[in-house]
Amino acid sequence: MMFTLLIQLPARPARAQTPSDTFSIGWDSSPIDQINPMLTDLYDGGAWVISHIIYDKLVQTDSYGNIVPDLADNWTWADPQTVTFNLAHNATWHDGVPFTANDAVFTIEHVTANQAIYPHMGQYVQNIASAQALDNYTLQIKLKSADATFFSAALLQLVIIPQHIWANFAGNYSTFTNNPPIGTGPFKFVSWEANSYVQLDANPNYFRGAPHFQHLIVRYYNSVNAMVLALQSGEIDLTSPLLPPTVVPSLTSNPSIQVFTRPDLRYFYLTFNQFPNGTGNPTLRDLQVRIALAHGINKQELAQRVWLGFADVLNTVVPTSLGSWHNPNTPDYAFDLNMSAKILDDAGYKVGSDGIRASPTGVKMIYNIDVPSDYSEEYRAAQLIAGWWSQIGVKATPRLMDSSSLGSEEAGWKHDMVLWTWSADFLDPAYFLSMFTTSQDTCVPGCLGDSGWSNSTYDQLFTQQSQETDPAKRQQIIYELQDILAAHVAYVPLYDNAAINGFRSDRFTGIPAGVIPPFFYFGENSLLLNVRPIGMATETTAMSTETTASASGAGVDMTSLASIAVVIVVVLLVAGIFYSKRKKTSKS
Amino acid sequence: MGIGYAINKLAQTIATIFFVLTFNFFLFRILPGDPFSLLFRGPGFSRTLVNTLNSQFGLDQPLWLQYVKYLQNTLVGNFGISYTYRASVISILLPRLTNTVILLLTATVISIVVGIAMGLVSAWHRGGKVDIAFSTSTLLLYSMPTFWLGLILLFVGVIYFGLPVSGMKSLSGEVTNPFALASMVDLLRHMVLPCLTLVLGLTGEYVLVMKGALLDVFTEDYMLTAKAKGISNAKLLRDHALRNAALPMTTLIAINLGLAVGGAIQTETIFTWPGIGLLTYQALLTRDYPVLQGCFLVLAIAVILMNFLADLLYGYLDPRIRTG
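Chains as they are written, first to last, in my numbering: chain A, 1 to 588; chain B, 1001 to 1324.
Be a bit skeptical, because a hint or two may be false.
Simulated restraints on C-beta separations [what the hints assert, rightly or not]:
#1 A:Val567 x B:Leu1105: 29 to 35 Å
#2 B:Pro1095 x A:Ala146: 47 to 53 Å
#3 B:Leu1031 x A:Leu287: 34 to 40 Å
#4 A:Phe169 x B:Gly1162: 54 to 60 Å
#5 A:Gln464 x B:Gln1061: 52 to 58 Å
#6 A:His164 x B:Arg1189: 39 to 45 Å
#7 B:Leu1063 x A:His164: 40 to 46 Å
#8 B:Arg1189 x A:Val574: 47 to 53 Å
#9 A:Ala334 x B:Leu1259: 32 to 38 Å
#10 B:Arg1189 x A:Asp95: 34 to 40 Å
These are calculated hints, taken from the structure and not from any lab test. As the structure is a prediction and not an experimental result, all values here were calculated from the model. Virtual Cβ for every residue (Gly too), placed ideally from N, Cα, C.
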């Protein structure tokens, strides 16, 4: 608590800066542990993000989530399983060798051959039957079966690697350090230290236009407090997009800093373990119980209290950031504790003598709500939910766990309820819906899904949408899938948060408009290619910043001051007592 | 202090290391969770691939077999490959260890020097204002939570003194020579805050132990005798008091230097100092067993080694032990 209080202290303005040709980004989530894009395990790890700056893909997204050309200029579908790409003629590798279709073919064949050791990349070539270079700049890919998500899932992940380097490596690919990584991307690798930083230089020959600054640095911070401070002191120019809402006031009060938000590609949910072969509380397998519990959650208040308004209430498992895939009309379970109580009473879950409801067979409605320890806001949410439910005779206990233990518990189907989050790295709803299919939700040990719910109609519809290439028809099915999940309360979706970013608007300009959190997700690079340093104007801006900020600096947060004053008083008191006691004893 | 004594100590050392190896091996595997099942939280994962990863790293074999392999490998100096970094554990450990030693050694040495000096003054002027001021302030700082103290220093240092926020060096996008004067100055600037945090927290220990040891010595008869013989205060202090107070201080210093290798996790976290403490913590979160085992082994060896040296030093400092 003390730390967040202290963050409220408005910072002194940064010192006057000369126009900067170095853009620094702070990173505080998963580690930067690899510069080999094929070996990254974590799909959203720092390593993954860095590789999407150094390497290019066949296609990429713009800041609105539309698929746009990258190494491929355009493409045509001959049939639902055959697509031909016309590739850029002027792309070059960072060592000067020209890029050709053979590199793309090599990449696909190399990943296919090494699927066993490329856990992440291997998945994305699963559906590719063959890849062929029709000539130096024409690539033809044949799929095994029609797939509506081939572009938005597979191609957005598959970075293209240089054949002339990777083919010549004779050692074991599972420990290939790939130093230096050579790509075609807008930035060239300079140096790195694992989990500390990566230094990159702008690629002046980048085929889609060189970046507007010289050097790019990505620095890792182990605590978000340090990262925010680094932004305020000018050590970085952009933070990673998951700032907690509590830091926003201190950042917005600083005129050098601009805070902007985008809809995050993630949502938070409460899952009920309904797996018949699991050891979760069996009352959760009763649909009436789940409906009643859903009515006992005040999502508006959660979004307000836990995310300070930086979150939208969600009634479906597809977050609002996915645009038209998000079904705005899924049935909502309004917060109504009286209705919850009535549903439970009617279903035979009467309140016992200890104040806790029990099923007709005597199973009490006592649950654990497990929360991963890296999401401290969500623990608060779990406490609030437990509070509401306690009013209707349901006893829920929030428990914090580290995510590895929690993952293991879910894999064993031992949980009652878990409050967790899903985030996707492609703008397609299939991922968010896939975890409710029977094949993903009833594995032993558990795989993707953690609700244990299963429904054959859902499975059929899911398969249908994955092969449906007409977007309007696919959207229909996607909406229907969301409705089914809501009707069966497989999950209680809670809210989707805003991705909050901090940016040094006194040193750089050019944040593009858009709906995707910049830089962080699937190598969406429009921010890095658009920002440019503010020129000589920086000198005068900084000086006027100094004067205005020092005037506003007088408004120090009273709570912080008060708490510091209390500490000082206590210290003085203790010292005084000590001193007087010593005086007494030494006199005797 | 014959050869027999040294061999005895060596045998004990080896036995302790072996015990630590075994204990750590099983401890990490008893922890719930495993390195790869958390990968399910990302798109594109399947049970088959987790199985493949497990067999690639030998995690699907019976536990006793894994243990035997681990012992065999460790004996020849092969600490394995990290699951997350996909590089040899040694190549990851050594630079981080160096970073920690740079920071902690400096902080420990400063703490010891300052602590001894303050302890001396406190003991000499026992009951006086200086004694109370020193004792109270160091006790207070010693009992403060490191995380809180570090954060406060971070805020004050960055905002009011313009010190760097994190890491070991400034990154300007240019490649720099790490041994140039400018780089050295840069390193010192980065060290100020974490070092200060550590020194403020560690000094209290040395002050109290030094003061206590000295006070014990002051009450001994031989001190009174020496004073009666007319020996000056300075000589009294140096030749008689300090010599004897050195014994408990040696133990404390040896233990702390050994533990310093474990890294100061809290300080390294706040200041993102790329040390071995932080490495251990991150490896724990991702259940990176080879790195964890490597870190704990390094820590164990450091502590055991320092204790061994302390034993030998004791024998030198205290003649009574030599003949024992």
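I want to verify a distance hint. Is the separation of the beta carbons of A:Phe169 and B:Gly1162 within 54 to 60 Å? The hint (54 to 60 Å, Cβ to Cβ) is violated, given that A:Phe169 and B:Gly1162 are roughly 45 Å apart.
Per the hint of 32 to 38 Å, is the separation of the Cβ atoms of A:Ala334 and B:Leu1259 within bounds? violated, 57 Å
Return holds or violated for the Cβ distance of B:Arg1189 and A:Val574 against the range 47 to 53 Å. violated, 34 Å
Verify the CB-CB distance for B:Leu1031 and A:Leu287 against the hinted window 34 to 40 Å. Given range 34 to 40 Å: holds, Cβ gap about 36 Å.
Are A:Val567 and B:Leu1105 spaced within 29 to 35 Å by their CB atoms? With a Cβ separation near 31 Å, A:Val567 and B:Leu1105 satisfy 29 to 35 Å, so the hint holds.
If you check the beta carbons of A:Gln464 and B:Gln1061, does the distance land in 52 to 58 Å? violated, 42 Å
Is the gap between the beta carbons of B:Pro1095 and A:Ala146 within 47 to 53 Å? About 50 Å separates the Cβ atoms of B:Pro1095 and A:Ala146, which means 47 to 53 Å holds.
39 to 45 Å was suggested as the range; check whether the CB atoms of A:His164 and B:Arg1189 agree with it. At roughly 43 Å between Cβ atoms, B:Arg1189 and A:His164 fall inside 39 to 45 Å, so the hint holds.
Do the beta carbons of B:Arg1189 and A:Asp95 sit within 34 to 40 Å of each other? Holds - the Cβ-Cβ distance for B:Arg1189 and A:Asp95, about 36 Å, lies within 34 to 40 Å.
Assuming the hint says 40 to 46 Å, is it satisfied by the Cβ distance from B:Leu1063 to A:His164 or not? holds, 44 Å
Consistency note: the structure conflicts with the earlier hints numbered 4, 5, 8 and 9.
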